[in-house]
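**Student:** Residue strings, one per chain:
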Amino acid sequence: MTVWHKLRPYSMVAPAIIIFSLFFIYPIFYMIYLSMFDWNFVSPTKAFVGIQNFVDLLTEPEFRQVLTNTTLYTILTVTLTTGLSLLLALWLNRGNFFYGIVQGAIFSPHIISLVSISLLWSWLMDPEYGLLNWVIGLFGFGKLQWLSHPSTSLISLVMVAVWKGLGYNTLVFIAGLQSIPADIYEAASLDRSRPWTTFTRLIMPMLSPTIFFLVIINMIGSFQVFETIAIMTQGGPVNSTNTLVYYIYEYGFRFFKIGYASAAGVILLCIVGILTMIYFKLLSNRVHYR
Amino acid sequence: MKAANRAMEGHPIGSAAGNPLIGFRSKQAFLRKLMTFILRLLNSAGLLLLVLIFAMPFVWMLSTSLKTLPETMIFPPVWIPQHPVWSNYIEAWNTGPFLHYLTNSVIISVSILILQMLTIIPASYAFARYKFIGSGFLFGVVMVTLMIPNQLIFLPVYLELSAFKLLNTHWGLILPFASSAFGIFLLRQAFRQISDELLEAARLDQAAEWKIIVRIMVPMVKPVLVTFALFSFIAHWNDYFWPLVMTTNEAARTLPIGIAKIREVEGVGTWNILMAGNLILVTPILVAFFLSQRHIIKAFVYNGVK
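Quick note, the sequences are listed as chains A and B, same order.
Heads up, the working numbering is the position in the first sequence plus 374, with the first residue counted as 1.
Heads up, the working numbering is the position in the second sequence plus 75, with the first residue counted as 1.
Hints are computed from structural coordinates only; laboratory data are not their basis.
Misleading hints may appear alongside valid ones.
Covered stretches of chain A, going by a simulated chain B footprint (3 or more residues, C-beta under 8 Å) [what the hints assert, rightly or not]:
(1) 501-514
(2) 538-550
(3) 610-623
These numbers come from a predicted model, not from an experiment.
By construction, the Cβ of each residue, glycine as well, lies at the ideal position given by its N, Cα and C atoms.
Take these sequences, add in the hints, and give me the full structure.
**Tutor:** Okay, structure coming up:
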């Protein structure tokens with residue numbers, strides 16, 4: 375064993391570890407530190423305020439609305455995406471050419487930039503000339519305001535998120551379905567098990583790791599929603615679509631209240647942290663038995 | 076669908092000649108066949124509807140991009156513009172320095188990819204194949220990084236980059252992603268699965284360690300590398316958040332920012348120009364997707380965190 379042999383592994387991991395420390399680990403601590411100060415970006419001194427930023431945040435009605443919006447958006451997006459994609463997966467889980475095309479079609483929004491999707495849907499949801507109003511008009515409904523009215527704006531954003539995420543979720547479910555050994559299905563059909571029984575007693579339990587995995591990653595993703603809001607609604611109308619990351623962005627970059635924005639960041643860190651812990655516990659299991 | 080399959084299993088031809096239900100043993104069998112037929116029809120209609128829900132918006136985007144401004148304001152909408160206005164694309168392209176945006180997008184996505192390859196291959200190899208003091212702790216750093224989304228730490232990273240004078244530079248958009256915890260995580264699994272015998276044989280030949288890694292080990296994990304590369308390239312090509320937050324002028328801005336800015340230049344409601352710009356951004360990715368659909372889906376579904 376030469377010295378080089380001992381040092382080699384360290385030199386191999388060093389570049390990656392340096393990048394991670396500089397741009398991920400250190401910023402977390404820096405953000406926690408900043409959350410305890412009142413600072414406007416330009417003034418040379420930062421005033422220590424302890425937990426005052428958190429107290430202010432949690433007592434402020436606007437921030438509470440932001441938390442409510444984010445939670446509501448997350449619950450709706452995650453439930454709809456996961457539920458619908460499970461149904462689609464059971465339907466589309468076939469190897470045939472046409473099903474391949476359908477799978478490709480529903481997956482396509484997943485690889486497209488959120489900028490494109492947001493602009494496209496802003497236009498589809500245009501209250502005057504949008505295609506969506508034409509489509510619902512075919513079924514006899516009147517024009518909706520979609521993003522321009524507080525009562526429909528959040529659900530409109532949920533629709534876009536579901537449209538984008540459906541294909542990915544469906545294909546992950548299909549991958550999960552295909553990993554269930556075929557002889558289990560055969561055994562079930564030999565036992566003359568009814569489709570519904572097969573589904574609840576057999577498919578659901580076998581799919582439960584996949585369901586759990588998708589629910590968690592959809593939740594993590596939804597809590598950080600930013601692009602669609604920045605492009606489609608800018609948090610409006612009347613704050614009805616303002617969510618955590620957009621709020622942090624606005625307070626940091628528009629109002630220059632760095633400490634305050636950092637405190638909101640720390641709250642998001644706690645939420646995402648808990649979810650991610652659960653997720654990684656699951657991911658490591660998933661990878662092990664593959 | 077189980078029921079449909081069962082119903083499809085043949086019902087032998089009946090003998091009742093002259094009966095309107097020719098070829099069926101009984102009325103029940105006929106009804107069953109009819110049911111199957113209706114189910115199949117409904118199934119096909121459902122599939123078609125599904126494709127429409129996902130394809131229509133893109134067709135609509137194409138249609139709008141070729142319209143004149145007054146044509147976009149016809150309700151109920153017209154699908155095929157009378158005289159396709161191809162110049163919308165030129166107008167969209169001229170709303171900003173798009174060649175510059177495109178160059179930036181290419182430089183940044185490609186640099187990230189190259190740097191990621193250079194950092195994740197050795198790191199994941201070391202984590203998978205060597206025992207060294209502190210490897211557990213260092214891998215913990217990787218795992219923690221994996222858990223931290225960019226959306227969470229942009230504020231402190233912004234201040235950091237500003238202190239390094241890296242705002243509005245390519246480096247500010249590249250360096251934070253010069254390595255990938257996710258890539259290391261994936262690749263480490265792949266390196267671990269390679270059998271030890273192969274490695275021992277190569278070592279017996281007195282091959283230098285780096286040669287073993289480059290010539291034997293890396294080719295064996297090539298499928299994982301390819302899927303990771305696709306995943307990473309598409310993610311950074313599409314990224315809007317990071318370039319938006321880390322730039323204050325045009326110097327390092329990328330295509331997604333340029334497209335989003337068309338609205339500011341052209342004014343609200345110029346959907347024809349916006350959709351033309353949007354198509355410029357979307358087409359390369361969609362073409363790539365239809366050319367290698369299977370690989371891209373695999374890259375996202377089997378490996379993708381998101």
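**Student:** Please go over all the hints and tell whether each is borne out by the structure.
**Tutor:** Do the hints match the structure? See the list:
1. 501-514: holds (count 6)
2. 538-550: Check passed, 5 qualifying residues.
3. 610-623: This one holds; 3 residues, not fewer than the three required, reach chain B with a Cβ under 8 Å.
Hint check: no violations occur; every hint is consistent with the structure.
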